[in-house]
Amino acid sequence: MIAGTESPALTGREIDVLREIASGGTNAEAAARLFISETTLTSHLGHVFDKLGVGDRAAAVRVAFERGLL
1 MIAGTESPAL TGREIDVLRE IASGGTNAEA AARLFISETT LTSHLGHVFD
51 KLGVGDRAAA VRVAFERGLL
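In terms of full-length UniProt numbering, the sequence shown has 21 at position 21, counting the first letter as 1, and numbering is strictly consecutive.
Since the hints were derived computationally from the structure, they do not count as laboratory data. Treat the hints with care, as some may be off.
Cβ-Cβ distance ranges computed for the label pairs, FRET-style [stated by the list, open to error]: (1) G68 to S37: 15 to 21 angstroms; (2) E66 to A32: 16 to 22 angstroms; (3) A58 to E38: 15 to 21 angstroms; (4) E38 to I15: 23 to 29 angstroms; (5) T40 to A9: 18 to 24 angstroms; (6) G25 to H47: 17 to 23 angstroms; (7) R62 to T26: 25 to 31 angstroms; (8) G12 to A32: 15 to 21 angstroms; (9) F49 to G24: 25 to 31 angstroms; (10) E66 to T39: 27 to 33 angstroms.
These numbers come from a predicted model, not from an experiment. Backbone N, C-alpha and C fix where the C-beta goes; we use that ideal spot for every residue, glycine too.
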């Protein structure tokens, strides 16, 4: 990606995952609420981290709030 450009848009499911993570709890709990496997949730989180340019859950939630995604 070129410096100064927008990050790729998050999918609806990635936003769902971020909302669950922001509400607290474990990956297993979030996955159960979304009716997906924990492996699938972890995959979505990895995509979120890449798209937002962060390395952990707390940073992902912070950046999502800053960008008005949550």
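Enumerate the violated hints, using their earlier numbering and listing them in ascending order. Of the numbered hints, 1, 2, 4, 7 and 9 do not hold.
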